[in-house]
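Engineer: If you want the building blocks of each chain, they are given just below.
There are 2 protein chains.
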Amino acid sequence: MTLRTVEWMSKKEHSPLPGTIRMVDQTRLPEELVFLETSDIQEIWAAIKVLKVRGAPAIGVAAAMGLVAGIQEFDAPATAALLDQVDEVADYLASSRPTAVNLFWALNRMKRTARANAALAPTALKERLAKEAMAIRDEDAAMCRAIGEHGVTLLKPGQTILTHCNAGGLATAEWGTALAPVYVAQERGMDVKVFSDETRPLLQGSRLTAWELGQAGIDVTVICDNMAAKVMQEGRIDAVMVGADRIAANGDAANKIGTYGVAVLAHAHHIPFYVLAPTSTLDLSLDHGDKIPIEERGRDEVINGFGRLTAPENAQVYSPAFDVTPARLITAIITEQGIARPPFEETFRAWIPSGEA
Amino acid sequence: MTLRTVEWMSKKEHSPLPGTIRMVDQTRLPEELVFLETSDIQEIWAAIKVLKVRGAPAIGVAAAMGLVAGIQEFDAPATAALLDQVDEVADYLASSRPTAVNLFWALNRMKRTARANAALAPTALKERLAKEAMAIRDEDAAMCRAIGEHGVTLLKPGQTILTHCNAGGLATAEWGTALAPVYVAQERGMDVKVFSDETRPLLQGSRLTAWELGQAGIDVTVICDNMAAKVMQEGRIDAVMVGADRIAANGDAANKIGTYGVAVLAHAHHIPFYVLAPTSTLDLSLDHGDKIPIEERGRDEVINGFGRLTAPENAQVYSPAFDVTPARLITAIITEQGIARPPFEETFRAWIPSGEA
Numbered sequence: 001m002t003l004r005t006v007e008w009m010s011k012k013e014h015s016p017l018p019g020t021i022r023m024v025d026q027t028r029l030p031e032e033l034v035f036l037e038t039s040d041i042q043e044i045w046a047a048i049k050v051l052k053v054r055g056a057p058a059i060g061v062a063a064a065m066g067l068v069a070g071i072q073e074f075d076a077p078a079t080a081a082l083l084d085q086v087d088e089v090a091d092y093l094a095s096s097r098p099t100a101v102n103l104f105w106a107l108n109r110m111k112r113t114a115r116a117n118a119a120l121a122p123t124a125l126k127e128r129l130a131k132e133a134m135a136i137r138d139e140d141a142a143m144c145r146a147i148g149e150h151g152v153t154l155l156k157p158g159q160t161i162l163t164h165c166n167a168g169g170l171a172t173a174e175w176g177t178a179l180a181p182v183y184v185a186q187e188r189g190m191d192v193k194v195f196s197d198e199t200r201p202l203l204q205g206s207r208l209t210a211w212e213l214g215q216a217g218i219d220v221t222v223i224c225d226n227m228a229a230k231v232m233q234e235g236r237i238d239a240v241m242v243g244a245d246r247i248a249a250n251g252d253a254a255n256k257i258g259t260y261g262v263a264v265l266a267h268a269h270h271i272p273f274y275v276l277a278p279t280s281t282l283d284l285s286l287d288h289g290d291k292i293p294i295e296e297r298g299r300d301e302v303i304n305g306f307g308r309l310t311a312p313e314n315a316q317v318y319s320p321a322f323d324v325t326p327a328r329l330i331t332a333i334i335t336e337q338g339i340a341r342p343p344f345e346e347t348f349r350a351w352i353p354s355g356e357a
Numbered sequence: 001m002t003l004r005t006v007e008w009m010s011k012k013e014h015s016p017l018p019g020t021i022r023m024v025d026q027t028r029l030p031e032e033l034v035f036l037e038t039s040d041i042q043e044i045w046a047a048i049k050v051l052k053v054r055g056a057p058a059i060g061v062a063a064a065m066g067l068v069a070g071i072q073e074f075d076a077p078a079t080a081a082l083l084d085q086v087d088e089v090a091d092y093l094a095s096s097r098p099t100a101v102n103l104f105w106a107l108n109r110m111k112r113t114a115r116a117n118a119a120l121a122p123t124a125l126k127e128r129l130a131k132e133a134m135a136i137r138d139e140d141a142a143m144c145r146a147i148g149e150h151g152v153t154l155l156k157p158g159q160t161i162l163t164h165c166n167a168g169g170l171a172t173a174e175w176g177t178a179l180a181p182v183y184v185a186q187e188r189g190m191d192v193k194v195f196s197d198e199t200r201p202l203l204q205g206s207r208l209t210a211w212e213l214g215q216a217g218i219d220v221t222v223i224c225d226n227m228a229a230k231v232m233q234e235g236r237i238d239a240v241m242v243g244a245d246r247i248a249a250n251g252d253a254a255n256k257i258g259t260y261g262v263a264v265l266a267h268a269h270h271i272p273f274y275v276l277a278p279t280s281t282l283d284l285s286l287d288h289g290d291k292i293p294i295e296e297r298g299r300d301e302v303i304n305g306f307g308r309l310t311a312p313e314n315a316q317v318y319s320p321a322f323d324v325t326p327a328r329l330i331t332a333i334i335t336e337q338g339i340a341r342p343p344f345e346e347t348f349r350a351w352i353p354s355g356e357a
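So the protein sequences, as listed, match chains F and R. Counting along the first sequence from 1, when you hit position 101 you're at 101 in our numbering, and nothing is skipped either side. Counting along the second sequence from 1, when you hit position 22 you're at 22 in our numbering, and nothing is skipped either side.
Hint data in this document are derived by calculation from the structure and do not stem from the laboratory. Please note that the accuracy of each hint is not assured.
Identical copies look the same in the list; a pair holds intra-copy or inter-copy alike.
[Unchecked claim] Only pairs whose alpha carbons sit at most 20 Å apart, straight line, appear in this in silico EDC-like list of lysine to aspartate or glutamate:
1. K291 / E234
2. K131 / E7
3. K193 / E313
4. K111 / D91
Build the full structure now, drawing on both the sequences and the hints.
Structural biologist: If you want it as structure tokens, here you go:
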């Protein structure tokens, strides 16, 4: 059983309306598992802002649920007033992380749902929006589950995978993307083991991936990023599974910095390299990955990330947040729709009929 | 001009005898440049013990100088008593880091020199031993300088090299091994730039390499280990230069963990990969690198290295201290004797006639 990163606690039994939102406070990991339980809209805003909840899908779910929480106590005389309140709360929540695309996507979906149901009375509309937020959560979990079901067919019992960063349940409503096949394999008693790159600079691999796999009782070993080559050389890795932030039409995949290096190493050691992500990650408007813009991050994460200066104060630092793995290094790309193998574009186009992407 | 990691400060002008040993306190880097100046044998022992001085050659120099300091004030009635004192001080200093081979090598050389000069009066023997310690320092500096002179022929003006860990002046008496060509290039106005892998878990690349190159006015940029692949992909690296702890007869080279991964990446990007080390590193008794034993280090360096737990407390960790880069990935091996290219063994045997290794 995987952990639910964000979920609702019912106010009273059989009530169609949620009471509070319960989310894992990821800033307290890996030291301790603390849940934030709140229906306070300011607290939810702050939780998104300070990364108590993180990962594009999980943020979307938290925002949708937050919107429902933000209109619960609003005593709307008429639906028109409630619609205004929906817009106001949505705008407020959207300001928590102005660069998180999935945050806007989820809030816009909630606003559209509200407008499409303007004929309902205020109380019924509140219920309708609660259902929509639940649907966003359930759809995300189902999508991840489907990625896991497809991905697990690439694994054999007793195998060991290497992963990078955290594309696990903590980044989504449940299951995760890169880790979904591991959880499904565990359900099926396949005894799959994991090596997790710590993933500098922010250490999501050791802080989050090792934590969530450990919680689930899966055998996980933390290594520094620069140890992956040796672990592969020792013949201990059967497959690499990573997530993706954006995938171009030809299959080039942008993901957390370091992913490209792992792909080169996997290729050199004849280890299959799998990218697992929802089809919403496919950007068929980009021919190839060279066109994916790469954000550069601050120097402090690299040289002052642990409360102590680990380089000369005036040191020059280069810290790209992502890299692009060329399609030729990718064995397969797994989405909720299935498994794509090179050449990827054909399969992508079949999954996303023209115009939808 | 490079920094002298360990050197002597004369007691008085024109005195053949040293007064105090001055060494860079490497535990204070990169925050501040603090010199430890002492002739106290306990302080020297402690400096070696707690890594105020580190790097095999630098430790050897510090130990030899420490031995001279330890016998300075000994009021020897006859040379025999002084020889006993030499042995006693040497044994004491040898206990500071019982696994540092170069420490024993330097102290044994000092003891042999003492016994070979037993005919000298006590004061003359003290002077002779001071000269021997200076010779150990000067020979190490000259050897590193020679590595630099050979290595610089592999570089062109304006080029950028990538290095890993610290095989720089701080690990030797002066110049370093992997970094020696960079210092020589600077003298010649060749405008060579450096990218330095931070080198987890102990961050010697950001703490020490970035510091010493910055001090020397060389353009250096710190990256996390997992960023090296992207920097290469961007075409920013012209050559990789690393040190070695042990090199087998076929050229397989053991060095700091992560070196092997960098070699695979360099090969994939058609970037020359150079190993720079003294011939004392060659171990021709080993056919190949599979026979080099690899120490495994403690989990705390990986998951609790910065005063805060960065993984679940009970997380499994794998932390090999070194890895072995196979000869086929090495473009050339540079020692004080010259440049060896594949097949390496022929050149190694010419450098070290049978029996000497």
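Engineer: Regarding K111 and D91, is the shortest C-alpha distance of 20 Å or less found within a copy, between copies, in both, or in neither?
Structural biologist: within (10 Å within a copy, 79 Å between copies)
Engineer: Evaluate K291 and E234 at a C-alpha cut-off of 20 Å and name the case that applies: within, between, both or neither.
Structural biologist: Result: close only across copies, 14 Å inter versus 36 Å intra.
Engineer: One pair to classify: K193 and E313, alpha carbons no more than 20 Å apart. Within, between, both, or neither?
Structural biologist: between (40 Å within a copy, 19 Å between copies)
Engineer: For K131 vs E7, is the C-alpha pair at or below 20 Å within one copy, between two copies, both, or neither?
Structural biologist: within (13 Å within a copy, 75 Å between copies)
Of the hints listed earlier, there is not a single one the structure fails to meet.
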